[in-house]
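Protein sequence lines, in the order shown, are assigned to chains W and U. Under this note's numbering, the first sequence has 52 at position 19, and the numbering climbs by one with no breaks. Under this note's numbering, the second sequence has 147 at position 114, and the numbering climbs by one with no breaks.
Hints were generated in silico from the structure; no laboratory data involved. Errors might be hidden in some of the hints.
One copy or two, it doesn't matter: identical chains are merged, so the pair holds either way.
Stated by the list, open to error - In silico DSS-like links for lysine-lysine, alpha-carbon gap of 25 Å or less:
1) 298 to 328
2) 256 to 225
3) 328 to 400
4) 228 to 102
5) 256 to 386
6) 342 to 257
7) 298 to 342
Read off the chains here:
2 protein chains.
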Amino acid sequence: MGYVKWSYDTLNHFCGDVFKAFGFSEEEGSIIKDVLLTADLYGIESHGMQRMVRYHKGIEKGTIHPQAKPEVVFETPISAVIDGHNGMGQLISHFAMEKAIEKAKTTGVGIVSVRNSNHFGIAGYYANMACHEGLLGMACTNSEAIMVPTFGRKAMLGSNPIAVAMPADPYPFFFDCSTTVVTRGKLEMYNKMGKPLPDGWALDKNGHASNNAPDVLANIVAKKGGGIMPLGGNEEVSGSHKGYGYGMLCELFSSILSMGVTSDKCCTFPDKTGICHGFMAINPAAFGDPDAIRKHFSEYLEALRESPKADGQDRIYTHGEKEVAAEKDRKENGIPVNDNTMVELADLCSYLKLDFGSYFEGYELPKDSKFFNGNY
Amino acid sequence: MGYVKWSYDTLNHFCGDVFKAFGFSEEEGSIIKDVLLTADLYGIESHGMQRMVRYHKGIEKGTIHPQAKPEVVFETPISAVIDGHNGMGQLISHFAMEKAIEKAKTTGVGIVSVRNSNHFGIAGYYANMACHEGLLGMACTNSEAIMVPTFGRKAMLGSNPIAVAMPADPYPFFFDCSTTVVTRGKLEMYNKMGKPLPDGWALDKNGHASNNAPDVLANIVAKKGGGIMPLGGNEEVSGSHKGYGYGMLCELFSSILSMGVTSDKCCTFPDKTGICHGFMAINPAAFGDPDAIRKHFSEYLEALRESPKADGQDRIYTHGEKEVAAEKDRKENGIPVNDNTMVELADLCSYLKLDFGSYFEGYELPKDSKFFNGNY
């Protein structure tokens, strides 16, 4: 499969028109496209243009209600519960994290739990919102069940990512990872390449470890059983119960505190996904001098990067460094978008009556183009 | 190596006298022994009687200062920083979590970061303190460096456990795990059994994966390099960067917010370990009706337990179930203490001028007994 690179400006312009055509205000459109394009700039391709089809189909099917506005249903000076009323995940989440930030600036901490939302893009975007304000930011979400609990054979938790961002120099700490060993996107990549899955990733419908990507993916789509292992695999010896536990932590802050839909039931309704999120912002000033804390943390990160490397390795990364490098590269050299995704964008244009060619001049759609349906 | 079982009352009586002899008040002694014996009751043997030698040697060497009192050096209604002044970790941590609980009851949340403490026992004990009050409790600690960051060959983070406890029926959710794939205690177990280490656990001094338990342990003791892999192993394909990230999260709440000693420097001083902790208590009442939240969570836990099992498995655990079962068994049938530990307890009695035989009547010390020094 080929890909083509587009400038940030091209994609930004395109996304702006898309979300306007969906009926979002200019401000709303700006938020949604910033979440998507940040993923692409960071090199998290699965959550940028490639994910547009999910929002398109969600709005078309009626599980995403573009006109819904988030509602604060419970609030204290340090906390809030928000009902997203099945609106666009990015807008609900931006609203929720702004509230957490506001509380953290006033009281030192803000914890916001959200129910009835939709896929919100990368969790790290919202952790970053707090980080940009000098705060420790955390974000998590549940999702359609894909993680099989230790000793199980049915997916009961989502990929349940947890993101953490904290100010530091020369760049912040930025950690954004699923609590499964990998995401479904990785399985799909191996499937497209026709390669067997690495050990320790996936389970077949009987709960046995499997390297068979097409079989595992087909079972996931048909909800026949199996799925992805927690971080730590499917045995206690490799720490399966730990990844499963971090997935539960995510569930606590998203679906439990908000009284929302747990992952085992997410995406089983005709008119909503029920996806839930959790957000936290913590003000370092509630613990002393924020500048001193920032310097202390930066020194530790530097010590980690400078520590001795394993034979054959020339670099130890601190979390967020790869994103900094990817952003620099993609701003200079463009954002790669693969042909499958381009076909999906063409379909989206046709749905919204936008002129695909006017955004992506000179691009020729593959002759045998079919929409890749596995992901929605 | 053999072991012998003692009743809870026998060990409780023994520990009471030990901590009294060290100069702790009765109340202080009660806290310390409750932390230790809870570990033994929960089946976390590495942190019960087996760990007594570490406190003994710490006090003897002067890295634990029994008379030190924790001091609140910074405080807001939702947060505090505590300097432990190198006192007993359990006392400092009990004090810190009580403060977090008090804040959570008043404001909805309490976050307490602690510097200059010592080994505090099981993290889960403190998470449980909050849980017993109907709150969501979290606790973490850094420690002497043992986790090698992804692509490194020198340990730069501790085993950095994160514990979470949350009220539920018929028993609470209780998660307490290191962010390394396993703890050093597991390596020592394999070493004693003369068995090769499982793949994905440990690194030799050059940063290569190693199954050689004696070599890895000798390098750790001599600080020659190598150590234990993060949860997720030493490759990105298995999620190494994720375990490393959770270790960093732990560091943030313990050593960073408190301006304390990061794991890479812990236990490198003659007069202190510098170990840091983080505690959080969150009041579900800050998010709605605590009873409804508890019921909602209990139902999800039940759904997890009842979900289909993998071929060959007859049970899916939710976190904390194994501890409930172990506690029942040990209260009925006694707490196993191995012969090595018994020798260490005899040494402790001799140091404190206590009569070993009066506590452990009829027990015969192994004839070739030598103190196992690897762990301190």
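So, going through the hints one by one against the coordinates:
In this assembly of identical chains, residue 298 and residue 328 lie within 25 Å of each other by CA distance solely across copies; the values are 16 Å between and 44 Å within a copy. In this homomeric assembly, residue 256 and residue 225 come within 25 Å of each other (Cα to Cα) only inside a single copy, at 21 Å, whereas the closest approach across copies is 45 Å. For the homomeric pair residue 328 and residue 400, neither the shortest alpha-carbon distance inside one copy (55 Å) nor that between copies (55 Å) is at most 25 Å. In the homo-oligomer, the alpha carbons of residue 228 and residue 102 never lie at most 25 Å apart, since the shortest distance is 44 Å inside one protomer and 60 Å across protomers.
In this assembly of identical chains, residue 256 and residue 386 lie within 25 Å of each other by CA distance neither inside one copy nor across copies; the values are 34 Å within and 66 Å between. In the homo-oligomer, the alpha carbons of residue 342 and residue 257 lie at most 25 Å apart only across protomers (13 Å), although the nearest pairing inside one protomer, at 44 Å, exceeds that limit. For the homomeric pair residue 298 and residue 342, the shortest alpha-carbon distance between copies (18 Å) is at most 25 Å, but the shortest distance inside one copy (44 Å) is not.
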